[in-house]
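Q: Sequence:
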Amino acid sequence: MGDRIPPELIHLIVDHVKDRESLRACSLVALIFRAPCQQRLWTTMALRVQHDAAIVEPLQYPHSISTAKSTLEACPHLASYITCLKLTIVPETTDFAAVGLASTIKLLPNLTKVSLYPLNEVETSWTDIPDALRSVTESLLEMPTLRQVELAFFFAVPRQLLGRIFAESRCVYLRGIYLEHHKNASEQPSSPSSLERFKTRTIDIGYYFLPLPFLQPYFCSLRALVLISHRELAIKFVSVLQPLLQVAATSPSLEYLSIELPDYGKNPHGNRRRLQLPPFKRLQYLQVVYEYDSIDSLHEPPALLLPILHIAESAPVRELCLCSDVCHTDDQPPQRTRAATDLDSFLARFLESGERQARGISRHARSIAAASVPIGTTGGQFLL
Numbered sequence: 083m084g085d086r087i088p089p090e091l092i093h094l095i096v097d098h099v100k101d102r103e104s105l106r107a108c109s110l111v112a113l114i115f116r117a118p119c120q121q122r123l124w125t126t127m128a129l130r131v132q133h134d135a136a137i138v139e140p141l142q143y144p145h146s147i148s149t150a151k152s153t154l155e156a157c158p159h160l161a162s163y164i165t166c167l168k169l170t171i172v173p174e175t176t177d178f179a180a181v182g183l184a185s186t187i188k189l190l191p192n193l194t195k196v197s198l199y200p201l202n203e204v205e206t207s208w209t210d211i212p213d214a215l216r217s218v219t220e221s222l223l224e225m226p227t228l229r230q231v232e233l234a235f236f237f238a239v240p241r242q243l244l245g246r247i248f249a250e251s252r253c254v255y256l257r258g259i260y261l262e263h264h265k266n267a268s269e270q271p272s273s274p275s276s277l278e279r280f281k282t283r284t285i286d287i288g289y290y291f292l293p294l295p296f297l298q299p300y301f302c303s304l305r306a307l308v309l310i311s312h313r314e315l316a317i318k319f320v321s322v323l324q325p326l327l328q329v330a331a332t333s334p335s336l337e338y339l340s341i342e343l344p345d346y347g348k349n350p351h352g353n354r355r356r357l358q359l360p361p362f363k364r365l366q367y368l369q370v371v372y373e374y375d376s377i378d379s380l381h382e383p384p385a386l387l388l389p390i391l392h393i394a395e396s397a398p399v400r401e402l403c404l405c406s407d408v409c410h411t412d413d414q415p416p417q418r419t420r421a422a423t424d425l426d427s428f429l430a431r432f433l434e435s436g437e438r439q440a441r442g443i444s445r446h447a448r449s450i451a452a453a454s455v456p457i458g459t460t461g462g463q464f465l466l
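If you read the sequence shown in my numbering, its first letter stands for residue 83, the second for the next number, and so on.
Because the hints were derived from the structure by calculation, they are not lab data.
Check before you lean on any hint, since a few could be wrong.
Here are the simulated BS3-like pairs of lysine-lysine, each with C-alpha atoms no more than 27 Å apart in a straight line [as the list claims (entries may be wrong)]:
(1) Lys-195 - Lys-151
(2) Lys-195 - Lys-318
(3) Lys-188 - Lys-168
(4) Lys-195 - Lys-281
(5) Lys-281 - Lys-318
Using the sequences plus the hints, can you model the full thing?
A: Here's what the structure looks like:
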């Protein structure tokens, strides 16, 4: 009977099984379910390399690296399922552990994504990583099969290494990365860049972090840019955002832009510096994440919101998404302010200017039951 069930139907059934315990149980129901369930259970492996041992997931208890290696050698089909490796680095790792890690990585032929962090996300110098482990790690980050790299909380990262990551990976996510400092840092990509998606914190863009002259050559093929906020002041945010977007606008293929506004410096009476941004010729999707100011019961959008939204007026944006925290309740409707009225007017113009869509996503909303609601009008007011 099992042979007569189409594999597509089995995969559809397994797709509805979300949690790991249920997937394990499902894999034991019948042989026909085993491979699809194992494939989903073993998509990601997490290793914490420390001394001569590692904590391996999805296994639920500590294993030595040699045990992890022997498990994958005994079950090569499991190793073939692993496409994502999450690696936590401990500077005190021994050479023995580094050699074992290298042997384990060689058993993973289908890796496409690597995430690399120091232990407890404590900023760590790249030069403090032992030579053997650093060599293994750099070889891992330069694997030709990688399509996505996530790197966080390392400083003194070699420019050549990061340049190769940008040149070879399609998707890069960086947090808290400081490049090594060189007086004559003018490295250019040796080959055309493959970078299509880039995500970083705005606070990490700067001379001692990720200099724009270093990033610019890799933006030529960029299709998606995601900027997240990290407790920086609004004035610092603007000073970084403007030149960064000017560089991003030079990409002939940029279609997706997401910007998270900072939490600090949102006072509507301060920091109204106008953003001077170039047109984005191919931008199709614009998302802005922000919180409403709650000052004297006012429902005030942040001062930077409208200047950023004006990007949509100079670009062929077809979908606009505003992700906001709603700070009012049904029994206390917000007072309308000039900035809120201007926002309503802008959204009305946007929706009237062609076949365009606008969505409002409410985060932690007390007055809206649904997590995602369409932007609608009530008495001329848009509800986000």
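Q: Going through the numbered hints above, which ones does this structure break? Give me the numbers in ascending order.
A: The structure breaks only hint 2.
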